[in-house]
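S.K.: Here is what each chain is made of, one letter per residue.
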Amino acid sequence: MSDHAITLLDAVNLALARALDEDPNVVLLGEDIGTNGGVFRATDGLKARFGERRVIDTPLAETMIAGLSVGMATQGLRPVAEIQFMGFIFPTMEHMIAHAARMRHRTRGRLSCPMVLRAPFGGGIHAPEHHSESTETLLAHIPGLRVVIPSSPARAYGLLLAAIRCDDPVVFLEPKRIYRASKTLVEDNGEALPLDTCFTLREGSDITLISWGAMISETLTAADRLADEGISCEVIDVATLNPIDHATLVASVSKTGRCVIIHEAPHHAGMGAEIEATLSEQALTYLQAPPRRVTGDDTIMPYYRYEQLYLPDVDDILIAVRETMEYSG
Amino acid sequence: MSDHAITLLDAVNLALARALDEDPNVVLLGEDIGTNGGVFRATDGLKARFGERRVIDTPLAETMIAGLSVGMATQGLRPVAEIQFMGFIFPTMEHMIAHAARMRHRTRGRLSCPMVLRAPFGGGIHAPEHHSESTETLLAHIPGLRVVIPSSPARAYGLLLAAIRCDDPVVFLEPKRIYRASKTLVEDNGEALPLDTCFTLREGSDITLISWGAMISETLTAADRLADEGISCEVIDVATLNPIDHATLVASVSKTGRCVIIHEAPHHAGMGAEIEATLSEQALTYLQAPPRRVTGDDTIMPYYRYEQLYLPDVDDILIAVRETMEYSG
Amino acid sequence: MHEISYQGEIRLTRYLDDQGVPLGEMPKWACGDSPWVTYYQQMVLARQFDTKAISLQRTGQMGTYASLLGAEAIDVVCASLMQPDDVLVPYYRNHAMQMIRGMSLTQLFLYWGGDERGSATPEMRRDLPNCVPIATQCLHACGVATALKLRGEHQAVLTMIGDGGTSKGDFLEAINVAGAWQLPVVFIINNNQWAISVPRSKQCIAPTLAQKALGAGIRGEQVDGNDAVALHEVVGQALERARAGKGPTLIEALSYRLSDHTTADDATRYRPSDELKAAWAREPVARLRNWLHSQGLWDEAREQAWQAETRQMIEDAVKAYQAIPPQTVDELYDYVYAECPAGLSEQREQARIRQQRREQGGTDHE
Amino acid sequence: MHEISYQGEIRLTRYLDDQGVPLGEMPKWACGDSPWVTYYQQMVLARQFDTKAISLQRTGQMGTYASLLGAEAIDVVCASLMQPDDVLVPYYRNHAMQMIRGMSLTQLFLYWGGDERGSATPEMRRDLPNCVPIATQCLHACGVATALKLRGEHQAVLTMIGDGGTSKGDFLEAINVAGAWQLPVVFIINNNQWAISVPRSKQCIAPTLAQKALGAGIRGEQVDGNDAVALHEVVGQALERARAGKGPTLIEALSYRLSDHTTADDATRYRPSDELKAAWAREPVARLRNWLHSQGLWDEAREQAWQAETRQMIEDAVKAYQAIPPQTVDELYDYVYAECPAGLSEQREQARIRQQRREQGGTDHE
Ligand SMILES: Cc1ncc(C[n+]2csc(CCOP(=O)(O)OP(=O)(O)O)c2C)c(N)n1
Ligand SMILES: Cc1ncc(C[n+]2csc(CCOP(=O)(O)OP(=O)(O)O)c2C)c(N)n1
Ligand SMILES: [Mg+2]
Ligand SMILES: [Mg+2]
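Chains as they are written, first to last, in the UniProt record's numbering: chain Y, 1 to 329; chain G, 1 to 329; chain R, 1 to 366; chain H, 1 to 366.
Rather than coming from a laboratory, the hints here were simulated on the basis of the structure. Honestly, I wouldn't trust all of these hints.
No more than 27 Å apart at the CA atoms, straight line, and that leaves these computed lysine-lysine pairs for BS3-like [what the hints assert, rightly or not]:
1. R:LYS202 with G:LYS47
2. R:LYS246 with R:LYS149
3. G:LYS47 with H:LYS149
Covered stretches of chain G, going by a simulated chain R footprint (3 or more residues, C-beta under 8 Å) [to be verified]:
4. 36-44
5. 61-71
6. 85-93
7. 297-305
8. 310-318
From the three backbone atoms N, C-alpha and C, an ideal C-beta is built for every residue, glycine too.
When you get a sec, could you build the whole thing from the sequences and use the hints?
M.R.: Below you can see the structure in the form of structure tokens.
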């Protein structure tokens, strides 16, 4: 029972341990997750504690990891698979899209696929090429999958428990830039968080800032700075990209009349577009200014020496908010 | 030199033949594209005419098809690979995203990847499961790839030639529901169409209908019916989903003040969202009604007996347009 | 300086020649009528089902269908040797296996009639539904086998794949992990010599497909897939090894696709007709019948009776299939997630309205 | 009835024992100083480069780096046997190959310093850039080889992969198509016994990785990857076969990863220290030096001189690397497409403005 201050990474570890402990059907698998505890140490100590039948090092093949998980899940196990970096998630897509997402539907509920595919994602840690991408939209577009992204230790704990207990396949993306960014108190009470609700992190009246994952940090910092300037920001962590809780977002923007959406992934056809589109459909008359997206550009994620040129920062948010506040038809 | 009326499928065949003829670096590869001429006959007769070194039947492995194409393209060939159905495109994604899309960027132009990945897509032909999906958004979100979709024989011919001659990797998606839907005159004049421009198929003043691929048929039919009702529709075929020609779309909607976007792919985080989002950013003050999306629902594409329950139809467009026209604040 | 660090070999098993004449003295276990007569009856049923399915497709009563013509022995022997609590992970050409595993003929028609409910019934137990994306089923089979192994259960998993499918990474990754983890799984390659229009020789230069097992370090062998007796021995031993925790086996069953690839295909475009003719002379049903005849275990009267009986079963199944009312529009939404999310519920509501509108003749009649 | 339908074997080649003492009479082609002295010199250079790269990383002057410690012989022999117009399709641990193929040390530092220009220079000819996604390079190599073959050119393609990578479908699909199409490609497995923390034994139950070639129907063999003489023979023959149109070869080079996986890894978490110690006793650089010494082809004086010379080369390269000005923000946009599309040009414009803002200290100073 841990209730000391822990990092997001610790919280992932804690939730995995809790899940392994409470349900014998939970099995972890992935590359280097055993003795090594994962390249980020998300599974540190779990093999020692739960044994190599519950915490399984696989051969090096992501298609295989996904395909095995699908097969295991049909037989009532709850596999939690780790993909070492989101940049290596693509070989899993046929299994995630053609099988995991459809097992329940294709068999009209005879079988299901309660698996979790975990992967660290995003830039900012000076990693080699292919280790810093954000492609959450590719998975969020797929009916039958859930896509969940935590942005704090407590939400990592509660959402990961929810994902593992969920009877649907869940892609759980961990913002590695904030894996160790800060420590907060997390009670290991086994309580899951809902998978269908945005988290309103701060209430405000002038503008709604919508984000998820690591960019929540910059968003909150920007909100602080803007408060000093007299701009009251409502900050919402979307957290579940599919299915998404549009109601909370629409209600907030209907109230504030303005919004900026912040994400690291490329702009074009990213998740920000879905949110803006829904706002324009459902809150058009409330919009006092065009909605804005602060996102990565439609270019390749640079090698690490230049990744700051790609990543949105606090200033980008400040500027977008100020311009939105100053907008007049 | 053919200038008789041909189908979209014939036009694909014609463009492939033209490309093989004019450039010895063009090579076709894929499953069953040789003697069999492809399961839809898109490559019919090409092996006989150009030989088995130019029209190559591969072993059955999509990852391999994509990976081979990347390697071939780096050495100056222009591989045109066929994926038999878009439902089987997922194994290509690691190569398309991590390699094809980046070869030029990663090598700062030393190498490039001028390949085309062709695949028939969409529902409506009573095909078995996994043969009717529309996942164009997954590819359109990737910087470095081009995604091109024709909606008529002439555009199939001109856009496919452009795709093959283009120095970037292009995903060319063929709307198989209209492969043989109608015949029109196509002159085999070797003229490519631009890859950066929407096609305005019909000018109008009341509302803009935006679509691509097979749904262009329903959209044009709806526009006809609406004309009878006195509603003047501008109809735009987006054709190039990435990079997209937002300027034409924004200009049109700024003029008409209303829009409906029609696509077969699921609603959530589909390409319709990107277009609506951009319109709300750039044409907000012109919007006289909320933009609308007429799309597939966020469910699994049904098996063929029920696919009509999934596919948007003319009535869906009519209703959306009428409601949009009737909208008042 | 050179030394040999590894040697491996592949064995081929056959008992009956092309006409069903024993190639030598038959082993003791092959004597008597069991299981051969039952095998034969199932194979006839499978072939009749196939004929009917094709005719339903041709007359617009069913969608694209993948014929199993020529694979009757493989399917029937494999499924018959499985125990109820073994798990089948089929590909799209395993109708006879599914039949024997408990799926009714009606369900089979339903699936091929483009209806998800065809994969829904409890008779299918924990068996997986048909797998259409090539080779992916092999990894699912390994996942199922992992589940069994982790739970300490002693069942086997059996999965099948075509010759073409052996070129795809999923299959190769699957046999590798099956070896690494010594999983209780039996992989059957239905080497019917063609992957749609691509001949076996273009998939792989190796003389056998079974030798892919050597690369994965698992047991691999070839068997005459038109010879029910040989199949019985080879598949039976593999299933027993799997159940006994002795690891996986890869079996290449040599057969021939006597039909088009599916009803959407036209094999005359690419396949020499003499090759097809030669293959008919080796086909599994007549071969087994000849052997049974020669042993006095089957005769023309029994043949006639059984043909009539199966015909009736199939007619009944077709009627039952045709009587099944269509799915409601709700069923398109209710199984996407364990619980229907808010946004999808709204879409379902709209879909219901749309469906009513369509039934009433569309928007113009509003 | 059983018959053997296939037999295959794998051969292991070694000439020098762990200490560099010939295991028997050396073949004629091994006599003399060429190419052995050059090989040795390159191996020393590679090791010095490696040491410097790690120290640059440790002092924050370079990013995560994958050490080649222990793979010097494999890299140096392979690259040296390639002709300029052969094509190299490297993975992420082939710095010495790239060096010999023409990349300057400065460029290598640039790449590992997180700068795309490290893959940009004309000295790299048509060689592919480093491949990070495991095993994908094997398919690219087959694509390159297909291009050569279609054009009737007689070069070879060489690609390398780790032991772990042999479990991934891309590798297995690649060796299969290389066989089916008889491509002029040589696959080298750098079997350094570990894939990060996963030991070779957990990847595959087969006793050799070379036998994966048997599954694909291509030639496969093992070679002592710490023995430059054995490598010279085996790799040289494979390259010649490829150039002569005699098809692909898979070579498993047995080595040991003497370093952590990368500078981001800590192998003491998972690897027994005695295993590492034992591996040092077999390492390739000392082994070749001992053999050269024993033949009088190398001595302490030459050693000292060469060590000093390489140290200087590397210091110069580091200085040149550090003097390279950063990329402009434009370079993030200019190579995504052959021509920058309209939307991206706008983003580039905004990025320029942002960059100016940042250089001026951010938004608060506006
Ligand atoms: C991943 C994937 N690619 C392509 C297809 C289309 N396709 C269906 S069956 C088939 C040929 C399969 O041949 P083989 O593996 O020999 O099995 P057979 O049908 O002959 O039993 C192809 C290419 C598919 N279903 N899945
Ligand atoms: C597709 C993919 N999955 C995972 C990784 C992360 N990763 C990088 S190196 C490595 C281990 C590779 O081991 P091996 O193939 O033996 O090569 P070695 O590094 O030992 O030379 C892993 C898992 C990756 N780069 N690509
Ligand atoms: Mg076949
Ligand atoms: Mg290794």
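S.K.: Take the hints in turn and mark each one as holding or not.
M.R.: How the hints compare with the structure:
The suggested pairing of LYS202 (chain R) with LYS47 (chain G) holds, with an alpha-carbon distance near 16 Å, which does not exceed 27 Å. For the hint pairing LYS246 (chain R) with LYS149 (chain R), the CA-to-CA distance comes to about 12 Å; that is within 27 Å, so the pair holds. For the hint linking LYS47 (chain G) to LYS149 (chain H), the alpha-carbon distance of about 18 Å falls within 27 Å, and the restraint holds. Given a C-beta distance limit of less than 8 Å, the hint that chain R covers the segment 36-44 of chain G holds, as 3 residues qualify and 3 suffice.
Under the rule that three or more residues need a Cβ within less than 8 Å of chain R, the assignment of the segment 61-71 of chain G holds, with 4 such residues. For a cut-off of 8 Å, the count of residues in the segment 85-93 of chain G with a CB near a CB of chain R stands at 3, and the three-residue condition holds. Against chain R, the segment 297-305 of chain G contributes 8 residues with a C-beta closer than 8 Å to a partner C-beta. That satisfies the three-residue criterion, and the hint holds. Check result for the segment 310-318 of chain G against chain R: holds, 4 residues qualifying (beta carbon to beta carbon below 8 Å, three or more required).
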